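S.K.: Below are the chains, spelled out letter by letter.
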Amino acid sequence: MMISAQNYGDKMKEYHYTGPVEHKFSPYAFNGGTVLAVAGDDFAIVASDTRLSEGYAIHSRDSPKCYKLTDTTVLGCSGFHGDCLTLTKIIEARLKMYKHSNNKSMTSGAIAAMLSTILYGRRFFPYYVYNIIGGLDEEGRGAVYSFDPVGSYQRDSYKAGGSASAMLQPLLDNQIGFKNMEKVEQVPLSLEKAEQLIKDVFISAAERDVYTGDALKLCIVTKEGIREEIMPLRKD
Amino acid sequence: MALLDVCGISDWVKEDTFNPESASVDRVNHFNFAAREPELAVPIGVDPAEFLKPLTESEDGVEGVKIKLEHGTTTLAFKFQHGVMVAVDSRASAGSYVSTQMFKKVIEINPYLLGTMSGSAADCVYWERVLAKECRIYKLRNKERISVSAASKLLANMVANYRGMGLSMGTMICGWDKKGPGLYYVDEDGLRLSGNMFSTGSGNPYAYGVMDSGYRFDLTVPEAYDLAQRAIFHATHRDAYSGGTVNMYHIKESGWIKVSQEDVGDLYHRFAAEKK
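Residue numbers (our numbering), protein chains in the order written: chain A, 10 to 245; chain B, 517 to 792.
The reader is advised that the hints may include incorrect statements.
Said to hold, decoys possible - Derived coverage of chain B by chain A (criterion: at least 3 residues anywhere in the stretch with Cβ under 8 angstroms from a Cβ of chain A; other residues may be distant):
(1) 565–572
(2) 609–621
(3) 626–639
(4) 702–709
For the record, the hints were derived by calculation from the structure and aren't laboratory data. Predicted model, so just to flag it, every value in this text is computed and none were measured. We put the beta carbon where it would ideally sit given N, CA and C, even for glycine.
When you get a sec, could you build the whole thing from the sequences and use the hints?
M.R.: Listed below in structure tokens is the structure:
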């Protein structure tokens, strides 16, 4: 059904509010990005894309979301970039304080518990950050801890967070958790297979999520240390 | 420090040159990062509940920013002649997204006290961890275990300080102390009730229906296990926000034991086969 330009203008006036509008300052912004962590028997991988966006604009194509905390732990944060920066500064300061008082580095489990209380300290004015910690526990096994913005956390074996998390998590559930499959041999995940899976999964995410793309940064944590790898993704 | 708290010295020894009392409630203290005294920051000049509501609850959030917090759902507990049964589901949802199907909703405070979690996951995890710390300090100071009544009172008083600020927590403190089995329901308004049977969360109507129809005080242990499991299973079947696995605990005089952890999909097939 077509309406004439005259009627269209009249109709629009009904829907458009033309009086004064109150604009409030919002302390938050959404800067996009996806983070993923996978834990194996003796390794952990934390991966993130490197795009920093806001609305329709891309601020940077080289802004990775993985932060190295200790030799055995990497933190991935996505959400509001301002809060990610402040949160990582506070965590790094608390790590140093712990090292100076206790003469040893914090373990992954301890960092996770500490991050939970730091986040809850802002329960009424949250850090708008979705965090995932990946690293090795005291026995050398891979550990992944995932958080919500106010500090609820759990140890998992794999987790995706950020803008494309709803697309990646079901795929990981199937390929790593062997969910919803019958009569499959449940082989433990090897480092090479995990790396390849993560690369494939991000390539898919970059196709279908506008906030994910540009490049993929992988931080592979093993007992030898942390190895970094960068792989290009779609830039559109 | 924990040792200073136990001795009660921290009340009159000022460790930091920065005086905690003069730190205003509405500014995050960056000097000690809340490492010594736990402080919760509050936004300046706004009612915290009003500030958070549009961000967490409305459809599109504020200017495209929607903070999704994890919520947990169906839990139940009941007392019977052989102790206390506790059963929970394991789904945590953030908005309509299921963030995990394997969330631990029972916190093991100590070998004879359990706390369940429903409502906002972060609120329950944090306050029950603080409760675990207080229970431990009580035991060190008084050389005897804290009673279930006292533990639940501590929790109720802690959260009552934040009444009206938007906390969401419905928890059951269950245990065995000198007076026998204990079961208390505590919620975010500071409400604390003692009872024989409680169920909390969005799936609680379904769980109550099944529990009420099968409950007797003189249930045998296998009958109690079956009843608790069925109640949670039926709640997960009908409530969209409950699911995952059914985690069951049994609190006896010697402490709690973890009875089972079964996926609701497997339970569905088991119950369906029984009907035939």
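S.K.: If a hint holds in the structure, say so; if it doesn't, say that too.
M.R.: Evaluation of the provided hints:
Proximity of the segment 565–572 of chain B to chain A, defined as three or more residues with a beta carbon under 8 angstroms from a beta carbon of that chain, is established by the 3 residues found. Counting residues of the segment 609–621 of chain B whose beta-carbon sits less than 8 angstroms from any beta-carbon of chain A gives 7, enough to reach three: the coverage restraint holds. Judged by the Cβ-Cβ criterion of 8 angstroms, the segment 626–639 of chain B is covered by chain A as claimed, because 4 of its residues qualify and three suffice. Residues of the segment 702–709 of chain B lying with their CB closer than 8 angstroms to a CB of chain A number 0, which falls below the three-residue condition for coverage.
Checked against the numbered hints above, the structure breaks only hint 4 and satisfies the rest.
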